[in-house]
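Novice: The chain contents come next:
There are 2 protein chains.
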Amino acid sequence: MPIVSVAKMDPLLEKLQATLQREMPITTAMGIQAHDWDGQRLSMRMPLEPNRNHQYSAFAGSLNALCTITGWGTVFLLLESRGMSGNIVIRRSSIRYFRPVRTPQFIAQGLPIDTEALAYFYELQEFKGKTKIDLAVEIADAEGPYVTFSGSYVVQE
Amino acid sequence: MPIVSVAKMDPLLEKLQATLQREMPITTAMGIQAHDWDGQRLSMRMPLEPNRNHQYSAFAGSLNALCTITGWGTVFLLLESRGMSGNIVIRRSSIRYFRPVRTPQFIAQGLPIDTEALAYFYELQEFKGKTKIDLAVEIADAEGPYVTFSGSYVVQE
Numbered sequence: 001m002p003i004v005s006v007a008k009m010d011p012l013l014e015k016l017q018a019t020l021q022r023e024m025p026i027t028t029a030m031g032i033q034a035h036d037w038d039g040q041r042l043s044m045r046m047p048l049e050p051n052r053n054h055q056y057s058a059f060a061g062s063l064n065a066l067c068t069i070t071g072w073g074t075v076f077l078l079l080e081s082r083g084m085s086g087n088i089v090i091r092r093s094s095i096r097y098f099r100p101v102r103t104p105q106f107i108a109q110g111l112p113i114d115t116e117a118l119a120y121f122y123e124l125q126e127f128k129g130k131t132k133i134d135l136a137v138e139i140a141d142a143e144g145p146y147v148t149f150s151g152s153y154v155v156q157e
Numbered sequence: 001m002p003i004v005s006v007a008k009m010d011p012l013l014e015k016l017q018a019t020l021q022r023e024m025p026i027t028t029a030m031g032i033q034a035h036d037w038d039g040q041r042l043s044m045r046m047p048l049e050p051n052r053n054h055q056y057s058a059f060a061g062s063l064n065a066l067c068t069i070t071g072w073g074t075v076f077l078l079l080e081s082r083g084m085s086g087n088i089v090i091r092r093s094s095i096r097y098f099r100p101v102r103t104p105q106f107i108a109q110g111l112p113i114d115t116e117a118l119a120y121f122y123e124l125q126e127f128k129g130k131t132k133i134d135l136a137v138e139i140a141d142a143e144g145p146y147v148t149f150s151g152s153y154v155v156q157e
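Listed in order, the protein sequences are those of chains A and B. Sequential numbering from 1 applies to the first sequence in this note's numbering. Sequential numbering from 1 applies to the second sequence in this note's numbering.
One chain only, chain A, in its complex shape:
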């Protein structure tokens, strides 16, 4: 699939994209776009140009923002896909930058979520109305990761 394709977007992805555009304006300045959702793994894309740095590679802060919002969006879609909602907040994260990102567009993708962790996430939300989950995200190409990210998210009432 060409990475500029946005035809026939998943309605859930469309809702995520509209939410970001409406409620987090800096993601529009960064050109962050919802890209794909397979029911558990979200990918989001970013263009280099507005996020370039002194080396004409992507600014670390923009790469972190892309990963942070990919994790946030994953929690948003995990909830929405079960008809749930809540106030999603990131508590902490860590990130490693392995090599500069210089492609005109690049994609951050959520890594697979452990089955038990996912069940626990939904169980807490259903029975307590608040929950939490740790998510890993990476920006990678065929040669391996550019960036690996891990974030801890909570959902509040």
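In case anyone wonders, no lab produced these hints; they're calculated from the structure. Careful, some of the hints might be misleading.
[What the hints assert, rightly or not] Below are the DMTMM-like pairs computed for lysine to aspartate or glutamate, each with C-alpha atoms no more than 25 Å apart in a straight line: (1) A:K15 x B:E49; (2) B:K15 x B:E138; (3) B:K15 x A:D38; (4) A:K130 x A:D141; (5) A:K132 x A:E49; (6) A:K128 x A:E143.
[What the hints assert, rightly or not] Not the full set, but computed from the structure, chain A residues with beta-carbon under 10 Å of chain B: (7) R22; (8) M84; (9) S94; (10) F98; (11) I107; (12) L111; (13) P112.
[As the list claims (entries may be wrong)] Here chain A is said to cover these stretches of chain B; the calculated rule only asks that three of the stretch's residues, wherever they fall, bring their Cβ under 8 Å from a Cβ of chain A: (14) 26-36; (15) 50-57; (16) 127-134.
Every residue, glycine too, gets a C-beta built ideally from N, C-alpha and C.
The hints should help you fit chain B onto chain A, whose structure is shown.
Specialist: This is chain B only, laid out in the frame that chain A set:
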């Protein structure tokens, strides 16, 4: 000192600000401004409005970008203040978000650098032409930290 004061800016701070505006355009969209430099500790400020999220508090990705650039700028100024320069790159970072930032403007400030770590930073740069340093940054008010950040930076030839 009122946080909107930019009169009589330190020439090193001015150089940092000009470098960011010229070479990292997204920092201008975020409204990031060099604020103060005491020879070792850099502070940079950010307005809430362009960085607001769905809760009308600051987007975590913007807070991370502010801390990332405060660490980057600290290395830039540590080098510049000794007439040195190099390609400054962040390798990894971790961040904790304790409570939402809702003030119209806020400041990230570098924490004091260990004397031996600083001496080692300059020694490596002088004798090897490349160096590294770990830096801590926080966004805080009188009640304590909103955000604590730790980043590992390297300077390459």
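Novice: Now tell me, hint by hint, if it's right for this structure.
Specialist: We went through each hint and held it up to the structure:
no.	hint	verdict
1	A:K15 x B:E49	23 Å, holds
2	B:K15 x B:E138	23 Å, holds
3	B:K15 x A:D38	46 Å, violated
4	A:K130 x A:D141	35 Å, violated
5	A:K132 x A:E49	34 Å, violated
6	A:K128 x A:E143	43 Å, violated
7	R22	8 Å, holds
8	M84	16 Å, violated
9	S94	4 Å, holds
10	F98	8 Å, holds
11	I107	16 Å, violated
12	L111	17 Å, violated
13	P112	23 Å, violated
14	26-36	holds (count 4)
15	50-57	holds (count 6)
16	127-134	violated (count 0)
In summary, the structure is inconsistent with hints 3, 4, 5, 6, 8, 11, 12, 13, 16 from the numbered list given earlier, while agreeing with the others.
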